[in-house]
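Asker: Residue numbers (my numbering), protein chains in the order written: chain A, 1 to 606; chain B, 1001 to 1086.
If you are wondering where the hints come from, they were derived from the structure by calculation, not from laboratory data.
Here a beta-carbon is modelled for each residue, glycine too, at the ideal position from N, C-alpha and C.
Worth double-checking, as some hints may not be accurate.
[As the list claims (entries may be wrong)] A partial selection of chain B residues facing chain A, derived with a Cβ cut-off under 8 angstroms: (1) A1014; (2) I1023; (3) M1024; (4) Y1036; (5) N1037; (6) A1039; (7) G1052; (8) Y1053; (9) C1056; (10) S1060; (11) N1072; (12) E1081; (13) V1084.
[Said to hold, decoys possible] Derived lysine-lysine pairs resembling DSSO-like cross-links, with alpha carbons at most 27 angstroms apart: (14) K1015(B) <-> K584(A); (15) K519(A) <-> K1015(B); (16) K240(A) <-> K365(A); (17) K519(A) <-> K584(A).
What follows is each chain in one-letter form.
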Amino acid sequence: MADTTGGGRARFIDNLGKVYALYTLGFLVFFAFMAILEQIGVGAQAIGIGFLMFTIAIYAVIGWLSRTGEVDAYYVAGREVPALYNGMATAADWMSGASFVALAGGVYFGGYPYLGFIIGWTGGYVLVNSLLAPYLRKFGCYTVPDFVGTRYGGNTARFCAVVVLVVASFTYVTAQINATGTIAAQTLGVPFEFGVWLGLAGIFICSMLGGMRGVTWTQVAQYIVLIIAYLVPIIWMSNKQGFGIIPHFSYGDAVQRIVELEQQYGLQPAAENLAGVSVLTNPINDPAGKGWSMVTLAICMMCGTASLPHILMRYFTTPSVRSARRSVGWSLTFIFLLYFSAPALATLTKLQLLDPSLATSIIGKSIEEVANLAWIQHWTSVGMLAIADQNADGILQLNEFFMRPDIVVLATPEIAGLPYVISGLVAAGGLAAAMSTADGLLLAIANALSHDLYYKMIDPQAGTSRRLVVARILLLFIGAAGAAVASLKLTGILGAVAWAFDFACSGLFFPMVLGVWWKRANAAGAVAGMVGGFAAGTLYLYMVYTGQMEPWWGIDHIRFGIIGMPVSLVCMVVVSLMTPEPSKEIQDMVDETRIPTGAAILAREH
Amino acid sequence: MSSTDAGAREGHWAKTRTLNTIIMVLWLIFAIIIPYNAASLNSMTFLGFPLGYYMCVQGSLIAFVAMIWIQNWRQDQIDDEYGVGE
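Build out the structure end to end from the sequences listed, making use of the hints.
Answerer: Structure (structure tokens):
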């Protein structure tokens, strides 16, 4: 990869299957090695450190080998990533710390409305595939604002797209750096603030030298780690506890059993709430009357998926339009593997705690007995879990068990009594998920600023090396800013991620989609759509979040895209129709975008 | 530049648009209508799951994956038919 001559790179691309098969094998051997170390008595902390150091070292090596001085390689990985591997890279790019660490916990505590995340984060790919990815690939752009700027013409539209992109992606990246820091701090036993900067250093190694090329090949490696780390514990736990060999198709009985147990215990709120931890009050399966809240969440997440630049730009890296489409198919296939496992994990973990016929259950046991469990002590000591005998009967009730939703996935191996090596694996997986998403987001922001703001708008004469230097300096600054904000711990992981999707869909969804599907859309309309939608959504978020206004129709702060998107659509259509239609040149360009063959709209290096 | 004439382009785009419309309708059903009505679907069971719950955690997801692959397979056919496939 380091070899920038055609021959060296071609050899690497031809051997991808072999390289990554060997890598997967190596990772499994390392896992086995760690398991043996645990058997001979090496401590839990040493194993955790081993997992994090080993995986980060591999990502760093890949990042170093992928270093490049070419614009094309830096921005779009030379447009030579095969569909299958781009699918894996997109899946890693996509599945963030939120998906890996927080999603199952959200479903565990939130019940049916939170399944909106599951539907939303998969169904969005149907929109990506139908409405955008193949057409953007044909366009041949480097960044998302590059498409907006060229399709509509004019720097105003390009600038608006940059602003929306930066706000959405920056919100998202702070959540990822937060997740990276949480995991690093947990596993290495260092303070959170230090963990954040440590995680950031790892992220830079992957993205600084090789740009999109480096990020692509590390993301493939990260996908392999994260999917192994998600599936192994579920399947292991299921076999150990007798839920079936592959639990995904057989946990229906577990769902029904939990419904019974919930009725038996009753889902009362805690007598006294404890800060930072939650009690289980939402039933696992009671959708009656909650359809609206589920569907509005799903819509925001789906349209956000189709507007988030770090995902869309992954489809710029394939060799052709057809392979861009195919890689959307692979992306969702790989993402599906994790998303259809998350509810299974949430259900089985919940059953293990609730069902008195299982050895792992804690509800209904004496407080004293539960307080002596190793995993309870571990998580209580870091403030992520609490038990409190609030009715003073000496028995743990369902509403006396408090837990932070974010830790469900991390704590599951311990709850099920699996060896510590599994917890180490899960930590490595969570880190891979958070790092890969942070890489993609930081690159999306830095590339938009360096390519669209600096090169296209400020200094169009800048030479290649200067452009790449600017891109890397921006990357450093944005990463540092993200880490600084993350260390303030303003929001939880899942909340900040949902905001990012809402920002993106409020500002970018309709201007992007109509850019391909409505020839009459013009620059004035696009600007109105971006500004109107983004401003309306942001204002609504501000008013609702600060409590100055009651939410309309139950649309709370994590669903504000439902307000932003219609405003964006109306502004865009009305202003487009009131102003002259786009030039013949632009209309021809749209026609050209719609067929797969022929040259890209933008030159290969621009 | 492509050698296709304007008529072929229009035919290609018309078929592409129809395919897209079908997929969007299916998307609407699996992503919005079915999850919205999970409560009434729960009276049925499938593989031991309440059906509404099953659709939200697996059924619709499987439908999404299948929709993308089928759409791409069909779109490739359309592209080849009009000589604009790669």
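Asker: I'd like to know which numbered hints this structure contradicts. Please list them from smallest to largest.
Answerer: 1, 12
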